[in-house]
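Heads up: the sequence lines are chains E and D, in that order.
The first sequence: position 81 = 81 (the numbering used here), numbered continuously.
The second sequence: position 54 = 54 (the numbering used here), numbered continuously.
Treat the hints as calculated values from the structure; they're not laboratory data.
Careful: at least some of the hints might be erroneous.
To be verified - List time: in silico DSS-like cross-link candidates among lysine-lysine, alpha-carbon distance up to 30 Å: (1) Lys74(E) to Lys85(E); (2) Lys44(D) to Lys56(D); (3) Lys74(D) to Lys74(E); (4) Lys44(D) to Lys71(E).
Protein chains: 2
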Amino acid sequence: MRRDIFQAIADPTRRAIITLIALQSMTPNAIADNFHTTRQSVSKHLRILTECQLVKQEQQGREIYYSLEIKKMKEIDKWLEQLRKIWETRYNQLDKVLLTMKKQKK
Amino acid sequence: MRRDIFQAIADPTRRAIITLIALQSMTPNAIADNFHTTRQSVSKHLRILTECQLVKQEQQGREIYYSLEIKKMKEIDKWLEQLRKIWETRYNQLDKVLLTMKKQKK
DNA sequence: TATATATGCAACCTTTCGGTTTCGCAAACT
DNA sequence: AGTTTGCGAAACCGAAAGGTTGCATATATA
Numbered sequence: 001m002r003r004d005i006f007q008a009i010a011d012p013t014r015r016a017i018i019t020l021i022a023l024q025s026m027t028p029n030a031i032a033d034n035f036h037t038t039r040q041s042v043s044k045h046l047r048i049l050t051e052c053q054l055v056k057q058e059q060q061g062r063e064i065y066y067s068l069e070i071k072k073m074k075e076i077d078k079w080l081e082q083l084r085k086i087w088e089t090r091y092n093q094l095d096k097v098l099l100t101m102k103k104q105k106k
Numbered sequence: 001m002r003r004d005i006f007q008a009i010a011d012p013t014r015r016a017i018i019t020l021i022a023l024q025s026m027t028p029n030a031i032a033d034n035f036h037t038t039r040q041s042v043s044k045h046l047r048i049l050t051e052c053q054l055v056k057q058e059q060q061g062r063e064i065y066y067s068l069e070i071k072k073m074k075e076i077d078k079w080l081e082q083l084r085k086i087w088e089t090r091y092n093q094l095d096k097v098l099l100t101m102k103k104q105k106k
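Starting from the given sequences, assemble the full structure and let the hints guide the process.
Here it is, written out as structure tokens:
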């Protein structure tokens with residue numbers, strides 16, 4: 001089992017679940033009502049999301065409320081940040097080139 | 001074939017390829033040298049990355065240079081942005097609650 | 001022209017994925 | 001106590017993923 005964030009958000013249903021419970025915590029049944037799939041299928045997705053700590057549970061009687069673990073979502077940001085730095089540097093280099101060309105024109 | 005960005009970045013090798021060619025464009029052989037896998041395997045990954053337009057090719061004689069399509073990477077950002085809004089709102093609501101509590105204390 | 005190199009593509013195989021069905025368990029009704 | 005409801009877990013299945021091997025093609029080199 002790989003079970004990392006990137007594999008977790010690869011599935012469109014799981015991404016939809018994430019945006020759904022980002023607003024408020026929900027039970028598996030309530031979540032399943034929003035999709036054309038069974039509760040068991042949603043339960044499986046929630047298991048995967050829980051395994052990589054993207055989601056946390058809160059038991060209330062026989063119901064279990066699932067909510068988003070925002071901190072974990074930011075790990076995706078971290079990976080993008082590393083790339084952002086690279087492409088910003090690239091743009092800066094392009095700026096330098098343009099600046100040099102401008103100077104030469106003068 | 002699903003072939004969307006999220007599925008593309010789900011694979012760790014593909015993520016490594018992305019960070020690799022983010023710095024400079026590279027040929028499949030050069031990319032493969034960085035991993036414990038065959039050139040054909042890398043070629044397959046590049047095909048997937050090309051299909052979802054995360055990567056662009058530039059033929060130079062018999063060599064093909066692959067480079068990152070930065071614009072497309074930002075689509076991941078877009079999805080995160082939508083979530084960012086939600087959780088920022090949530091924090092603001094928490095701020096309001098705290099503010100109300102403070103006022104009541106007075 | 002013959003050979004080496006760079007590459008993509010198709011066939012094949014094993015593993016994983018996502019869904020459904022069935023089951024068991026615990027909490028809440030009646 | 002008996003029944004309904006909410007849930008997870010296991011077994012099963014077809015499809016897709018990721019890797020390897022072998023082959024075809026085009027460009028460079030001898």
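Name the hints, by number, that the structure is in violation of. As far as the earlier hints go, only 4 is violated by this structure.
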